[in-house]
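J.: So the chains spell out like this:
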Amino acid sequence: VSAQSTAARPRRRSAPDRTGAVERAVRLVLLALIVAIVVYPMISVVSTSLSSQAEVSKSGGLVFFPLHPTLSAYVSIFRGGIVTRALVISVLLTLVGTALSLAVTAAMAYGLSRRSVVFSRPILRLVILALLVSPGIIPSYLLVKQLRLLDTYASLVLPNLVVAFNLIVLRNFFMNIPTEILESAHIDGAGDFGIFVRIVLPLSKGVMAVIALFYAVSYWNAFFNALLYLNNTTMWPLALILRLYVVQGTALPAGGVSTDNGVPPPVQSLEMAMVVVALVPILLVYPFLQRYFTRGVLTGAVKG
Amino acid sequence: MQDDRSAGLSSALTALDERRKGPQTAPAQRPTRRGKLSLAQRIRRDWVMLLLILPGLLFFVVFQYLPLLGNIVAFENYLPFVGFINSPWVGWDNFAAVFTDPSVWQAIANTLILFGLQLVLFFPAPIALALLLNSLAGETVKRFVQSVIYLPHFIGWVIIVSICQQILGGGGVLPHLLGAIGLPQVNLMTSPGAFKWLLVGQVVWKDSGWGTIIFLAALLNIDPTLYEAARVDGAGRARQLWHVTLPGITGIIILLLILRLGTVLTVGFEQIILQRDNVGPAAGEVLDTWVYFHGLAGGQWGEATAVGLVKLIVGAALIVGANRVAHLFGQDGLYR
Numbered sequence: 001v002s003a004q005s006t007a008a009r010p011r012r013r014s015a016p017d018r019t020g021a022v023e024r025a026v027r028l029v030l031l032a033l034i035v036a037i038v039v040y041p042m043i044s045v046v047s048t049s050l051s052s053q054a055e056v057s058k059s060g061g062l063v064f065f066p067l068h069p070t071l072s073a074y075v076s077i078f079r080g081g082i083v084t085r086a087l088v089i090s091v092l093l094t095l096v097g098t099a100l101s102l103a104v105t106a107a108m109a110y111g112l113s114r115r116s117v118v119f120s121r122p123i124l125r126l127v128i129l130a131l132l133v134s135p136g137i138i139p140s141y142l143l144v145k146q147l148r149l150l151d152t153y154a155s156l157v158l159p160n161l162v163v164a165f166n167l168i169v170l171r172n173f174f175m176n177i178p179t180e181i182l183e184s185a186h187i188d189g190a191g192d193f194g195i196f197v198r199i200v201l202p203l204s205k206g207v208m209a210v211i212a213l214f215y216a217v218s219y220w221n222a223f224f225n226a227l228l229y230l231n232n233t234t235m236w237p238l239a240l241i242l243r244l245y246v247v248q249g250t251a252l253p254a255g256g257v258s259t260d261n262g263v264p265p266p267v268q269s270l271e272m273a274m275v276v277v278a279l280v281p282i283l284l285v286y287p288f289l290q291r292y293f294t295r296g297v298l299t300g301a302v303k304g
Numbered sequence: 001m002q003d004d005r006s007a008g009l010s011s012a013l014t015a016l017d018e019r020r021k022g023p024q025t026a027p028a029q030r031p032t033r034r035g036k037l038s039l040a041q042r043i044r045r046d047w048v049m050l051l052l053i054l055p056g057l058l059f060f061v062v063f064q065y066l067p068l069l070g071n072i073v074a075f076e077n078y079l080p081f082v083g084f085i086n087s088p089w090v091g092w093d094n095f096a097a098v099f100t101d102p103s104v105w106q107a108i109a110n111t112l113i114l115f116g117l118q119l120v121l122f123f124p125a126p127i128a129l130a131l132l133l134n135s136l137a138g139e140t141v142k143r144f145v146q147s148v149i150y151l152p153h154f155i156g157w158v159i160i161v162s163i164c165q166q167i168l169g170g171g172g173v174l175p176h177l178l179g180a181i182g183l184p185q186v187n188l189m190t191s192p193g194a195f196k197w198l199l200v201g202q203v204v205w206k207d208s209g210w211g212t213i214i215f216l217a218a219l220l221n222i223d224p225t226l227y228e229a230a231r232v233d234g235a236g237r238a239r240q241l242w243h244v245t246l247p248g249i250t251g252i253i254i255l256l257l258i259l260r261l262g263t264v265l266t267v268g269f270e271q272i273i274l275q276r277d278n279v280g281p282a283a284g285e286v287l288d289t290w291v292y293f294h295g296l297a298g299g300q301w302g303e304a305t306a307v308g309l310v311k312l313i314v315g316a317a318l319i320v321g322a323n324r325v326a327h328l329f330g331q332d333g334l335y336r
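Listed in order, the protein sequences are those of chains D and F. Last residue of the first sequence: 304 (the numbering used here), numbering continuous. Last residue of the second sequence: 336 (the numbering used here), numbering continuous.
Calculated from the structure, these hints are not laboratory results. The model shown is predicted, which means the values in this text are computed figures rather than measured ones. No residue lacks a Cβ here, since even glycine has one placed at the ideal position from N, Cα and C. One or more of the hints may lead you astray.
[What the hints assert, rightly or not] Okay, the calculated beta carbon distance ranges per label pair:
{"hint": "1", "chain 1": "D", "residue 1": "Leu30", "chain 2": "F", "residue 2": "Arg239", "range": "20 to 26 Å"}
{"hint": "2", "chain 1": "F", "residue 1": "Val325", "chain 2": "D", "residue 2": "Thr233", "range": "20 to 26 Å"}
{"hint": "3", "chain 1": "F", "residue 1": "Val61", "chain 2": "D", "residue 2": "Ile37", "range": "43 to 49 Å"}
{"hint": "4", "chain 1": "D", "residue 1": "Glu23", "chain 2": "F", "residue 2": "Leu54", "range": "31 to 37 Å"}
Produce the complete structure using the sequences and hints provided.
T.: This is the structure:
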């Protein structure tokens, strides 16, 4: 598909000697190694979460392949309540937050995509300056406190509602939509809002999906805002629960885990089951969106 | 995160660039009438667009610019129950206290060392990886490897640190393996000497794949006829790499390098805050975590805000300076 691959083909033919083959083999081994380094931790996390105490202690904490897989760790964490509640909170927060962020970002990006719009240039400068100057932890905290948003879910959404980078990517994409299309719609009597909803958005599904993924992932993974703004631990999202019980190693309270037969699942399995619960949504969504990255949706702006 | 920001900045550069190139995509009927319309008429014409901009604009004003006022606390003896409007004014006292505090200098030293390590070990990783991917002839293998190595970028720091603890921490795989072959069971997660290397290793794992995107795009933009010409002139693989490939991506490398220099004082907040307690402040404190632990957690509001403000100003100055350097190198930088 790419110009590079066609350029590479004759090069390969012109070097049929052994050094070329060795070089290629070394390259493939190197890539296989890199892929293994990326994939191994994820596989073993899943495996450990499915393992029994005997297997966990035999392997030293992380099982590569469970011989007798058991779901008891998952049964425990989901029956206990804490993880289930955090999971529900995280899912809702991610869905609502992503929808709001995407709507506000897309609307603003479209509003700024036509250079003739009054005030669009100073507003664009304001956005770009925001990439360079971030307000800082304490001023942000004081603002959220002043707005009386402490201990509300709004404090996890509003302070990061629009990411300037996402806004600029969307705006650049909207600007590259051929003017003829927009103008013919205009002649057909469509207003600015009609053009946005019926023409611009349907033409931008790919880039919108990518931006939605960026927002969803950042809402899903965020823990610091919750740590800062939510004193009420029953409101905590999954990432922060993970920090408390896995990273900091706090023991799950008796009410947080329950067991069938009195033999609790190994701590490692419980912890890794929590990690898997946090990891799976990302792994599920990613395959549908990764093709857009290799297609260069994001780098349209970079001309080298 | 870092590379998102860099990519964002280079997009920003293009956004401002358009002014110089002139409008090529704006609807044609509008600019022609532009000069004749009064401001009120233009607002009436564009009211739908302005309404669409409004929620986002409100966000930027309220949550990006309004908090800057909170930096007043840096000049106050801030008392949370009195509020920052009525807290007593202390002038430059907080700054004086901060710069005589050895823990601040420790944090600055850690920040700079970590930045240096990242610059040497992390910055070149995506470039090398992109060159390796680019040298593959088969599209299928390339696509597959790309989809795998982009993935870690989307995994949150909490998850990565959790996994690291299972592999490298006490009772984890690495100590287990070391013990099995008779070596001392080192716990990398809690060893202060290894901490900065650990942090860099985690960043390399998470983001070197993602970082290749921008370089792969630049590599695709190299004119294939240049390679042909080089081959005709008898250049082998190595010489093609040196004389065609590398010059083709020098511009983007310099741009990203300069952008990175502009963020010397920011070295990965979430990642470090999760692990700083494993090794204590002497090895693990950086400026951002100092602000958090001393300010929000420790109640030294004024001092912490002072550190944050200095960081903000130095950071802005570094970006302006980096931009000047970019111009010296004949690059556009962020703006001209």
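J.: Does each hint hold? Answer for all of them.
T.: Hint check:
1. Leu30(D) with Arg239(F): 20 to 26 Å: Distance hint for Leu30(D), Arg239(F) holds at roughly 22 Å.
2. Val325(F) with Thr233(D): 20 to 26 Å: violated, 47 Å
3. Val61(F) with Ile37(D): 43 to 49 Å: holds, 44 Å
4. Glu23(D) with Leu54(F): 31 to 37 Å: Taking Cβ atoms as reference, Glu23(D) and Leu54(F) lie about 58 Å apart, which means the hint is violated.
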